[in-house]
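Trainee: Model the full structure from these sequences, guided by the hints.
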Amino acid sequence: MHSNRLGWLLLAPTMIILFFFGVVPFFYVIWVSFHQWNPFAANPNMVFNWASNYRQVVFDAQLMASLGVTFAFVFFAVVSELILGYLLAQAFMKDFPGKAFFRTIHTLPLIMAPIIVGSIWKLMTTPSIGIIPSLVQSWFGLDLNIGQSALAAFTVTVVMDIWHWTPLVTLSLIAALVSLPPDPFEQAQIDGANKRQIFWHITLPMIAPAVVATVFIRLMDALRTVDEVLMLTGGGPGSATRYIGVHIFKEVFPRTNYGYGSAISVVVLYMTIVICWLLYVGLIAPRNTKKG
Amino acid sequence: MSFAFKLGVSVIALTASAGIALAQDASAFWAEAAKPYEGVTLHGVTESTPPSNYIKDVLAPQFEELTGIRVDIETTSWDQMYDKAIKDMEAGTGIYDMVYIEQDIVYAYLSRDFLTDTTQLLADNAALKSPSYDESQFTTFAESFRGENGHLYGIPVEAFIKPYLYRTDLFNDPEHQAAYKEKTGKDLAPATTHEDYLAIAQYFTEWGQANGGELWGTTSQSHTGHPASWYEYVETVLPTFGVYNWGIDAENNFAATVGSGGRMNSPEAKEAMRYVLQLRDLAPPESVQSTWTETATTMAAGRAAQGMIYGENAAWIASDENQSRVVGNIGVALPPMSEGVLEQAQAGEGYVGYYDGGAFGIPITSKNKEAAMLFLEFIAQDELQADWAVAGSRITNNATYEDPKVQELDGKLGGYFTMLKDQGAIFGGAPAYPFHAQLREALAPIYYQILTGQIEADAGVDQMAQKAEEELTALGYRQ
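Line by line, the protein sequences are chains A and B. With this note's numbering applied, the first sequence covers 1 to 292. With this note's numbering applied, the second sequence covers 293 to 771.
In case anyone wonders, no lab produced these hints; they're calculated from the structure. Source: prediction; values computed, not measured. Any given hint could be a false lead.
[As the list claims (entries may be wrong)] Quick list of in silico lysine to aspartate or glutamate cross-link-like pairs, DMTMM-like style, CA-CA up to 25 Å:
id	chain 1	residue 1	chain 2	residue 2
1	B	LYS379	B	ASP409
2	B	LYS659	B	GLU356
3	B	LYS759	A	ASP60
4	B	LYS376	A	ASP221
5	B	LYS379	A	ASP227
Mentor: Below is the structure:
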């Protein structure tokens, strides 16, 4: 009983902070989402409008377009990061000259603020000035113009995200791989399993929790990407990279459409939870059931 | 020693003493007035522009030395500045004691009572009033920051027009003059009409492509995801086609479509849109990623023969060899315009281009209003203005025009300051709407789609006008 009270006491500061900086804002956003509120409208006050904002979400073509490009962005970015991250993690598991140096260099993008990443990529991709369009032109004869081509802008944002966040995946997977016991691998080799069989039947199942946790983190991050893309393309050309985070930012801050912006935020949060739950159900739950 | 010599020395000594005494008086005022606010730190937020950086780097340290009041000026991007300032004032947190108020947002701020009445603040606190401060010292641009009671709600810190800059070395080159004459039958001179501007742009772009590909005929602020491009259309180009106030008739229930009595989708507005697209195609490739800053950089890099450039960048483009490749080669002219626009502007019925700038205001939520007011009086002093004008090509005080340093720079700028003084009145600020950002964010996505070719120009202009009325209805301004 005493230790239980001490535990709550030690947890109290964290819980108080979480309450004020997590729980209160969360319920405030839900409260605002049921209001029409734009401080620069003719009536700047909050007006309760039931679920009108949520109804508007369903019929908002721009929002639906944003969701479409966001899912495409998340899919390509997270899948690429997972594959690349795994390959790099495997590479870093082996010894080679300069390994420590390369591992350090490889994690450098992680310590950069997203806004800086966006600025650097903007400098590198500005048509006729940046180094990337110049190289793409000289190597492949292609005109890479992220201000005009929707495909080019989309691709560059995906590549930028991969460059920025693959190191996180690598580090997570290195931690998972390092902790694997050697016995199952030795036994599999003795039984004559090839590399592909070892990967599918031993490595992947054993690191699955780490993979899923990493995917959850990256999925949530990718769904709310704002700073990098805002700096690189501003959501353009047109609405080609107006990902949901950028869309919410533009709706809430420049347009000061607080009520509707809050409703979109709540819907996106709900969708994120559902996606994560589906992933959990699809990848982890069956494994736990088998164990049970 | 002759009597005349002694007399001369005496006069010089007396003058110097008087000057030192006056300077000491002025210093004494700031030190004395600041005593109650000792230990205070003022926080300001502004856009990172040459004039604002001068406040941060030069004026704030001077004020700190005189008064002991610390001044932290946060210079950031235009979007972030508004984000931070509005959130602070809306939530009433009182983080900022000074916020930058661009001319186009002051009406929104006033409508929300965000700002302190500086005229009243000084009237209520006689000890705060500097002997050197007088509202009449400001140019007429200060009128933009007065409320309905005629009081000043922001102290002007920058004011500039968006003129037509052109490369004098190219325009005065005999070979170009002859070639252009041969091609068009006209003399190569700064354009006065849209047709001439396009013809010059076409000529130099073709010449650039044939000679190494590093010169284009014009700049173009055509970012396909940043509101700067939308602003270029509504505030720089539309007025030159005779469409004012974004084509919205505020007196007629905020009508935007021609059908309702507005002009946002008038034939002139559609012609202006086609003109913008033509210019974009003649501009350097980076133009589709260019905001107001990058067009200046393009001009300074010598990549464009002419362009519409915000005046705050004119000085460094024309005179700073560390940043510009076209020093000494910049001329200034009025924007090209349709027939009758100049006459309408001179009669006060329209304007030929954009007159912008900003002021520092004190949020009503500031906890250090008096100390902030002292700082704003300090930076408004006439004697500080000349160096500031040279650093940021901005003039907010009448006396600044007469300063020798400013007049010398005016020569290098091809008469930009003279144009600001003599013809500033025919340029216009943003319309007095409290819904700038709201309408812009509703319309800009359509505009970006026009720029990328997803929507055809005429249809896009129609869509923008329709959307404007929908948005204004949703905001409650249009009945």
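Trainee: Please go over all the hints and tell whether each is borne out by the structure.
Mentor: Consistency of the hints with the structure:
1. B:LYS379 - B:ASP409: holds (20 Å)
2. B:LYS659 - B:GLU356: Status holds; Cα separation ~18 Å.
3. B:LYS759 - A:ASP60: holds (14 Å)
4. B:LYS376 - A:ASP221: Roughly 23 Å between the alpha carbons, so the hint for B:LYS376 and A:ASP221 holds.
5. B:LYS379 - A:ASP227: Distance of about 18 Å is within 25 Å: holds.
Every hint from the earlier list agrees with this structure, and none is contradicted.
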